[in-house]
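Enquirer: Protein chains in written order, with numbering that gives the first Met the number 0: chain A, 0 to 750; chain B, 0 to 750.
Warning: the hint list may mix true and false statements.
Estimated spans, in silico, between C-beta atoms of each pair [what the hints assert, rightly or not]: (1) B:GLY576 to A:GLU272: 21 to 31 Å; (2) B:LEU318 to A:PRO589: 39 to 49 Å; (3) A:ASP543 to B:ASP233: 27 to 37 Å; (4) A:PRO113 to B:ASP233: 48 to 58 Å; (5) A:ARG315 to B:LYS704: 25 to 35 Å.
Since the hints were derived computationally from the structure, they do not count as laboratory data. Every residue gets a Cβ at the ideal spot worked out from N, C-alpha and C, and that includes glycine.
Protein chains: 2
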Amino acid sequence: MLASWISATVAADCGQRPFTAKAVRSRTGWRSVARAILARTAAMLAALTAICGYAAAEDGYDLWLRYEEVETRSLEAYRNAVTHLVSEGNSPSLRAARTELGRGLRGLLGSDLPVTEGVAKPGAIVIGTPRSSPLVAGLGLDLQSAGSEGYVIRSVRIDGHPATVIAANEDIGVLYGVFHFLRLMQTARPLERVDVAEAPRVRLRMLNHWDNLDRHVERGYAGASVWDWHKLPDWLDPRYTDYARANASVGINAASLTNVNANAMSLTPLYLEKAAALANVLRPYGIRVFLTARFSAPMEIGGLETADPLNAEVRRWWLDKALEIYRHIPDFGGFLVKANSEGQPGPQDYGRSHAEGANMLADAVGRHGGMVIWRAFVYSDEEPDDRAKQAYTEFVLLDGKFRDNVMVQVKNGPIDFQPREPFHPLFGAMPETPLMMEFQITKEYLGFATHLAYLAPLFEETLRADIRGEGDGATVASVVDGSLHGYVQTGMAGVSNIGTDRNWSGSHFDQANWYAFGRLAWNPQLDSAAIADEWLRMTFTNDDAFLEPVADMMMSSREAVVDYMTPLGLHHLMARGHHYGPGPWVEGGPRADWTSVYYHRATEQGVGFDRTASGSDAVSQYAPGIAAEFADRERIPEELLLWFHHAPWNYRTRSGRPLWDELVHRYTRGVEAVRGMRDTWESVGKFVDPERHEQTAVFLAIQEKEAKWWRDASIAYFQPFSRRPVPDGFEPPAHSLDYYKSLSFPYAPGN
Amino acid sequence: MLASWISATVAADCGQRPFTAKAVRSRTGWRSVARAILARTAAMLAALTAICGYAAAEDGYDLWLRYEEVETRSLEAYRNAVTHLVSEGNSPSLRAARTELGRGLRGLLGSDLPVTEGVAKPGAIVIGTPRSSPLVAGLGLDLQSAGSEGYVIRSVRIDGHPATVIAANEDIGVLYGVFHFLRLMQTARPLERVDVAEAPRVRLRMLNHWDNLDRHVERGYAGASVWDWHKLPDWLDPRYTDYARANASVGINAASLTNVNANAMSLTPLYLEKAAALANVLRPYGIRVFLTARFSAPMEIGGLETADPLNAEVRRWWLDKALEIYRHIPDFGGFLVKANSEGQPGPQDYGRSHAEGANMLADAVGRHGGMVIWRAFVYSDEEPDDRAKQAYTEFVLLDGKFRDNVMVQVKNGPIDFQPREPFHPLFGAMPETPLMMEFQITKEYLGFATHLAYLAPLFEETLRADIRGEGDGATVASVVDGSLHGYVQTGMAGVSNIGTDRNWSGSHFDQANWYAFGRLAWNPQLDSAAIADEWLRMTFTNDDAFLEPVADMMMSSREAVVDYMTPLGLHHLMARGHHYGPGPWVEGGPRADWTSVYYHRATEQGVGFDRTASGSDAVSQYAPGIAAEFADRERIPEELLLWFHHAPWNYRTRSGRPLWDELVHRYTRGVEAVRGMRDTWESVGKFVDPERHEQTAVFLAIQEKEAKWWRDASIAYFQPFSRRPVPDGFEPPAHSLDYYKSLSFPYAPGN
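Can you build the whole structure from these sequences, using the hints too?
Expert: What follows is the structure, encoded as structure tokens:
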């Protein structure tokens with residue numbers, strides 16, 4: 000508490016307002032005590048204020064691992080529960096665990112914890128594995144359910160002293176357990192009777208970096224790539240370690256370093272040496288490195304005339320390449336592949352199937368324990384059919400045709416990371432093939448870094464989706480975690496939102512999406528509201544007066560985006576290319592399914608994409624129970640109405656409003672929701688440091704401006720089709736449609 | 000001193016070694032005292048260590064404005080000399096001055112200075128202008144020589160009390176004076192009898208940012224552009240203010256925000272609004288914003304069919320555009336223009352001269368007080384002549400033909416920012432036209448961010464160059480500062496090395512090049528060694544045991560680069576395009592003067608570019624005294640030998656060694672110098688925080704590796720021409736020439 004007081008004093012002297020209620024409270028309580036101490040020497044105060052020079056601005060770099068001192072009322076109990084650390088064994092992961100525990104407790108408790116040889120008094124924290132630590136082994140804990148990555152945290156007695164043990168079968172489990180233990184304190188949980196047993200429900204928990212070798216990040220809104228390829232392998236930016244810590248803290252155990260729109264250069268010796276240097280930094284934190292494989296690499300860097308997966312030379316080339324990679328990176332995770340999609344080369348260039356392509360690569364890495372992750376995000380260059388149908392059409396026939404070390408990575412929905420999509424029909428349709436989930440953490444279609452949109456409700460909506468409509472517990476999550484079909488390999492990937500911005504993710508609240516992805520990859524059954532609460536506590540404060548309104552704001556934020564961008568199942572209406580801002584008028588260009596009019600199909604008769612039997616019949620790709628629901632305009636969840644149906648402008652929605660009026664109502668509701676978010680954020684200013692509060696406030700102002708832009712442009716565009724007026728009580732668009740169409744943003748980021 | 004102790008303790012507790020000798024010393028002395036105080040409560044120490052959470056890593060973000068507490072022996076004297084602050088008047092610049100003074104003194108002295116209404120006791124610091132402050136006016140200081148940007152700092156008595164006054168005619172001068180005053184303390188100068196009178200000798204002291212709207216920085220090696228265009232004008236990154244502070248601290252008063260390879264979009268309303276927001280942040284710090292003008296903008300964003308500078312519609316368009324810009328930015332500095340150079344459009348596209356082009360733009364901005372800075376870095380697409388001659392040839396005829404508000408910006412040498420070039424022959428050749436110096440701070444040709452090369456000796460060498468060979472004081476500096484020809488307008492530009500890297504410049508020592516540029520722009524007569532000493536004191540420590548070896552290392556560092564890259568006047572031998580690494584073999588491609596063979600002209604007969612009368616006769620562009628010296632192989636400074644002469648391989652150099660042996664000797668000496676730099680840096684580890692020491696050490700290791708690469712590749716390439724062996728005692732190249740030619744770095748930064 001004294002530290003809080005000092006912090007607050009320091010902050011005040013640095014010209015900042017004291018930045019948490021906690022600090023304010025403890026300041027009041029302890030001011031007189033502190034004064035008495037400090038009065039002894041005026042120089043002391045001077046000295047403390049000098050530390051201002053060292054006080055980092057609250058720039059968000061520390062993410063949710065801030066380890067701020069716990070609030071006064073918990074401190075005494077925590078200090079009793081945690082008095083010394085016993086850590087036997089020595090390995091890179093155990094050292095990382097010990098260092099993190101020391102760092103965390105120093106921040107949380109305000110003191111360094113003694114490290115001792117054995118348990119000498121109450122309050123020991125004992126960490127280790129039965130193999131590394133005789134003390135842990137002696138406790139006879141049942142660690143079977145922990146598996147290779149899980150852990151238990153338990154209040155025990157050792158030699159009569161109450162203690163807490165963090166134990167696992169493998170060293171990495173100890174590190175995960177340490178992060179969990181610290182989280183208990185960060186979120187103000189009691190430490191008296193701890194009984195935690197955790198193991199991940201998904202084996203591969205992975206970030207996909209769409210990072211190019213020139214440091215441009217495709218769909219990156221947080222600056223450049225954190226991988227400073229040019230200075231690797233020599234210069235290991237300390238940021239790499241902090242990246243690893245953050246990932247390990249939520250259990251992310253794999254990272255694909257390079258863009259899925261792949262560059263064969265990343266497989267050359269020059270870059271393998273660089274990737275190996277990164278792998279060395281990440282390894283103690285349990286993170287395996289993957290690379291994206293450009294299918295035509297044997298031609299581009301191998302000098303071959305073909306990349307035909309059945310060609311012997313090609314197969315030999317990949318075998319040799321895999322051998323070379325594993326010489327650099329002994330625990331290389333494998334290849335992530337985007338093939339025959341959006342212009343990328345692939346096996347179909349040679350008349351071979353996706354399975355034949357994937358299996359060739361799987362044979363190359365399989366002998367070294369590597370995986371191939373083959374993306375199902377494919378659609379034909381010839382646009383033969385509704386784009387929403389193509390991945391299913393191509394892949395469902397291949398079920399069971401992949402090697403055991405192949406996973407097929409499927410986006411959450413059938414189009415492309417829209418604010419709302421129905422779950423992808425492949426989930427449940429490939430019982431013989433492990434399907435890996437691909438979520439997008441970076442907000443390509445949800446307002447980039449400046450719109451506050453907490454994505455866990457989107458992830459949760461997909462994961463909890465009932466895939467058969469029979470209420471039998473068959474959900475997308477049950478596919479992803481392998482329980483439904485008995486997949487051995489399971490995985491979840493998130494397209495990273497990480498860049499060189501000081502706050503990592505482009506905005507402070509976008510950090511929550513990285514966090515939430517990791518937590519849901521560990522356990523797809525987790526609740527998005529609980530994750531928000533957890534993240535807010537770690538990132539800001541445990542004060543309920545802050546938590547309640549801000550958690551509400553987060554939980555409703557994604558729905559606001561849906562409302563002001565693409566309500567009622569509208570989708571893919573963003574401006575061309577960079578996807579910044581509205582573009583419902585986008586048409587023409589290289590292919591129809593890269594336009595907006597392809598998706599909304601607005602006419603004077605109505606709006607929406609008929610995907611029932613009278614249209615593209617995409618509904619038939621779902622299980623009968625779901626297909627029947629989606630095909631029925633009266634039964635379909637209304638938020639998906641225009642995804643599957645072309646409805647007349649006067650269609651009576653469930654609110655009783657005609658479709659046009661309902662659209663205007665929802666667009667407007669979205670803007671109003673953002674105004675409410677701004678009010679909420681303004682009201683909690685006293686709980687947040689000025690730097691993070693200010694940036695978030697400015698970003699929310701941008702979001703409101705852009706939400707209104709979306710609303711107004713959309714209404715201006717659709718209104719003439721509807722031949723209906725903007726309903727009474729609703730503002731007309733601020734500008735003409737021509738104005739909105741005239742806006743141009745050629746350098747919007749991420750393109 | 001206590002603060003130092005605490006800092007050291009905090010650092011130690013954070014797992015860092017105490018990071019300055021100063022800290023160690025004061026720690027020893029004060030440990031017992033501090034112990035006695037701290038023993039009163041164990042919680043206090045705990046509280047202090049908790050501040051670790053706030054202690055920023057020493058990442059270099061603070062540049063030379065670290066304001067670390069001064070060392071023990073000076074502290075008492077400083078505290079007596081500086082007891083309170085009297086600041087009358089209120090303007091954005093005065094507020095900035097007051098804030099900076101408070102911030103600086105808080106760090107340097109470890110306490111907040113009281114701000115009082117008048118001088119009440121000894122030790123007042125009085126800041127202001129006679130207009131803003133009656134107190135300053137009452138002192139009757141002679142401020143005439145201070146002009147509009149200068150200042151005086153003087154020890155005075157006010158009401159019988161010793162005080163220090165920082166006074167200027169204008170508010171910005173007060174800010175500059177405050178930075179100077181703080182620098183006195185940062186560099187451990189006495190404050191008893193201060194008598195400083197400073198005024199800049201150059202009017203326009205400018206950074207040229209080669210920053211694109213997509214945040215790519217051409218020739219940028221410090222990450223992306225600091226200008227986050229997408230989030231402007233709403234989000235004003237606090238970094239913009241720190242950028243302004245750093246520039247003001249060295250007197251830089253102008254910034255061209257956009258790349259000279261210009262984009263017309265930067266002149267559209269969307270981007271003008273963004274530039275205006277930046278201008279608002281920079282204005283209190285005395286920095287005027289310039290933009291680059293793409294000559295064809297009237298066609299690209301104006302819808303005209305021509306950009307002919309004599310066309311009435313074109314002239315009208317620029318007039319209107321200027322009016323629009325000045326509505327956004329009332330103190331807009333003007334346009335920086337690269338025209339008819341390297342593919343950029345320009346007046347010659349319409350048969351008009353550079354002067355006609357420049358004057359049209361000058362007419363547009365002139366009525367608002369704006370300038371046009373027209374770059375002389377031009378060379379024809381048709382390669383009619385030695386590229387080194389073309390700028391002179393084109394511009395010397397235009398002398399006197401430019402409007403009064405046009406300056407011609409000339410690179411330091413006639414080719415392109417090579418490690419060494421002779422001074423540009425235009426200096427001295429255009430007495431009727433103000434010539435602005437263009438230096439390159441970013442190290443496009445000197446090893447990017449990872450090679451330590453202190454550039455002030457290069458700048459100084461150019462500025463001090465005798466342009467007539469008559470020893471009459473006619474130097475490049477006397478042209479640039481206007482004294483030789485009586486220019487009213489004077490200016491110096493530096494191509495910025497600033498990016499989003501946390502340390503701003505890509506490496507810690509590259510900060511010195513930004514600093515030195517600013518100091519030399521303020522006063523081109525300054526001494527590069529004195530600047531290095533000043534910068535080292537502010538950035539690291541005042542300890543002589545650190546300063547002497549490290550200043551020596553800096554001062555010799557650029558010569559080391561010359562040695563291992565391009566000794567004896569060789570030039571432009573870098574790899575194609577990105578210029579990373581050696582490429583003496585580069586030939587072919589779009590134009591001869593973008594190859595290496597064009598410049599080195601190696602044959603079995605010899606090497607070097609004959610620019611005497613028997614060759615391109617570029618020497619004749621210099622004044623007779625200089626031309627005669629350069630044309631004479633025996634008199635020319637040997638470091639320029641192969642710039643002007645094609646010499647046989649057995650040519651006897653001044654060392655007595657044949658040319659080939661001398662080249663090998665110098666290449667090798669360069670590598671050895673870097674080894675020496677590594678040793679030096681290793682030996683001063685105890686004076687430097689571990690973070691900055693480690694990064695610098697790793698970069699020096701990269702530099703040694705790459706220096707050897709340069710040496711070996713160059714020797715491997717030239718040796719067959721020379722038909723001579725590598726001399727005895729010198730290592731042969733580590734690899735074959737084919738190996739060096741095979742290396743490829745398509746994603747080297749900055750391209």
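Enquirer: Now tell me, hint by hint, if it's right for this structure.
Expert: Status of each hint after checking the structure:
1. B:GLY576 to A:GLU272: 21 to 31 Å: Given a distance of about 23 Å, which is inside 21 to 31 Å, the answer is holds.
2. B:LEU318 to A:PRO589: 39 to 49 Å: About 41 Å separates the Cβ atoms of B:LEU318 and A:PRO589, which means 39 to 49 Å holds.
3. A:ASP543 to B:ASP233: 27 to 37 Å: At 32 Å between Cβs, range holds.
4. A:PRO113 to B:ASP233: 48 to 58 Å: holds, 50 Å
5. A:ARG315 to B:LYS704: 25 to 35 Å: Given a distance of about 34 Å, which is inside 25 to 35 Å, the answer is holds.
The structure shown violates none of the earlier numbered hints.
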